[in-house]
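Note that the protein sequences, when read in sequence, are chains A and B.
Numbered according to the numbering used here, the first sequence spans residues 1 to 340.
Numbered according to the numbering used here, the second sequence spans residues 1 to 206.
One thing to keep in mind: the hints can contain errors.
If we take Cβ atoms under 8 Å as the criterion, some of the chain B residues that face chain A in the derived model are [unchecked claim]:
1) V34
2) A60
3) I71
4) Q72
5) D76
6) I167
7) I190
Far from chain B by the CB rule (all over 10 Å, computed), these chain A residues [as the list claims (entries may be wrong)]:
8) A108
9) L132
10) D178
11) V210
12) Y270
FYI, nobody ran anything at the bench for these hints, they're computed from the structure.
Glycine is no exception: its CB is placed at the ideal position from the N, C-alpha and C atoms.
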Amino acid sequence: MKDMELIEELLNSFIDGELDERKANEVKRLIDNDTQVRDAFDSLSRYKKLMASVSPAAVPEAFCESVTGRLERQILLEDTSGYHHNAGVRHLIIRRMMTAAAIIVLMAVLSVIVFDIFVPKSSRDKFVNNALNRKQKPQVLYEKPFADVKPAEEAVVAVVPQEILSVPIVAKLTLVTDSPVETDWLVGKALMNTGLFDKTVEIDRKTGSVKYVLSCGRSSLVNLLGELSFIWPKCTGAKLQIGTEQAGQYVTVDNVTAQQALEICKADSYGQRIRMANDIAVINNAAATDVLATYFAKQNTGSDLLIPEKPVLTSPEKTPQSISDISGGKANLTIMVIGG
Amino acid sequence: MVKFIQEQLKVAGNISIDEAALVAQARAGNMASVEKLILKYQDRVYNTILKICGNEADAAELAQDAFVRAIQGLKDFKGQSSFYTWLFRIAVNLTFNFCKKNSKVSFQSLQEETDEETNRQLKDYLIDKNIEEPSELASKKEVQGLILKALEKLDPQQRAVVVLRDIEQMSYNEIAETLDMEIGTVKSRIARGRKNLREILEAVIQ
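Generate the whole structure from the sequences, applying the supplied hints.
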């Protein structure tokens, strides 16, 4: 059986011309001498002729155009798909980056808000200083009067008179009178005339005394004292107390006249005001002695006390007065009208 | 363009076209060279596929696929074998894959395909040996159909070998190269395939 299969293989190769010359001659001899092999060879030859005579089928029309069309389409698609792919990748990366940036910004904002709400200010400042690598200023545990004062060179830049004038005046004017009702009425009228009645912080009326507490501008105070000059003749005594730097400490000017009170309040600076008040107080005290009183009685100069030769005006620190000079600054005035 | 090339090929007749130059030009993207390659091999590729798969529409589609893949894969073509065997390897492999996916069991009897007269003539030719030349017989559509149907009954591997040898007239070496197998295997498969085909045909005409 195996021999027959081998012979058939040889016959097929012989028919197809795939044997070398030696083998081909052997197969030829076998065919000539063996009828069975000859029949097989003959059958194989006929079969081969039949198969070879099968006519080829015609290729479908426009086959080549179809193939080239498909090729061109695929080339275009490849280019397009590459383009879309790249564009898509780029778009995706940008979208992801933008999303990440938005999340980071949002987280930062939320962190700042939470930090601001929950962390105490001192810790916050410390954290910020550490984060910005800033040296923290040493904490001042004692008072340094000149620590924050700028150097003189820097202060030269703007010296404005109004700043000096802005030192507030704290004054208490005590008027002793035999006709308190009339005096009180006149004080009220003076307040109305100067428009300070509405600015009166407190009016305390007690039996035998009335107390007015005012908070106004310096110019308004000067105007008020000008108005109050009409009250002085009705008073048996007048005392002006000027507040000093130390709270509760006053310079007291006894027997002060309306003109003196006006001049003191017109003083340009705190120092000048205090100095003037002290001077007038000394003068008034001296004038209050019996000798002088007798002298004044003989001279028939009335009950007004000595008016000094305007010590204020002799001061070298005096500056020319102007409206602007007296228009600035704050004043707190307490007027006490006491029945005699 | 295609018609012009077809005319040129007809005029050229047996004049061999430099295949290597055509392949190089086609690889460079020259569509005219691509068309020349297609026109040169379209008949053989289509007929080989048709004989293996047995359906004209499928054969046309598969042949187109084979050409498209071959042209697109030219950049991978190293020239170790001829373009012809490389193209046929692609075509046969595609057809094998198609046949595996679309394997249908045909219960149709081959005897229904032919009439008695054709059967008698075929029997005379193969067994009684009264007819020397089968050209008249083979020109009959019925006989051609019968041969194709008999081929379909073969194992695909045997069918491919028989088709490449007896219809495509490839040498054993070319067949071995195309199907990527040893020459010994080609010889044995050709012998077994032809024997099986003869038996199938003889069973029809008995």
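Hints versus structure:
A hinted interface residue such as V34(B) counts as satisfied when its beta carbon comes closer than 8 Å to some beta carbon of chain A; here the least separation is about 6 Å, so the hint holds. About 5 Å separates the beta-carbon of A60(B) from the nearest beta-carbon of chain A, less than 8 Å, and the hint is met. Hint status for I71(B) relative to chain A: holds, with the closest Cβ pair at about 6 Å, below 8 Å. A hinted interface residue such as Q72(B) counts as satisfied when its beta carbon comes closer than 8 Å to some beta carbon of chain A; here the least separation is about 7 Å, so the hint holds.
Annotation: D76(B) was flagged as interfacial toward chain A, and the flag is violated, the nearest CB pair being 15 Å apart, outside 8 Å. Annotation: interface hint on I167(B) holds; nearest CB of chain A at approximately 6 Å, less than 8 Å. For I190(B), the shortest C-beta to C-beta distance to chain A is roughly 5 Å, which falls under 8 Å, so the interface hint holds. Every CB of chain B is more than 10 Å from the CB of A108(A) (nearest about 52 Å), matching its label as outside the interface.
At roughly 61 Å, the least C-beta separation between L132(A) and chain B is larger than 10 Å, which holds for a residue marked as non-interface. Its beta-carbon lying about 129 Å from the closest one in chain B, D178(A) satisfies the requirement of being farther than 10 Å from that chain. Once the 10 Å rule is applied to beta carbons, V210(A) is consistent with being away from chain B; the minimum gap is 116 Å. The non-interface label for Y270(A) is consistent with chain B: the shortest C-beta to C-beta separation is roughly 101 Å, beyond 10 Å.
Of the numbered hints given earlier, the model fails hint 5 alone.
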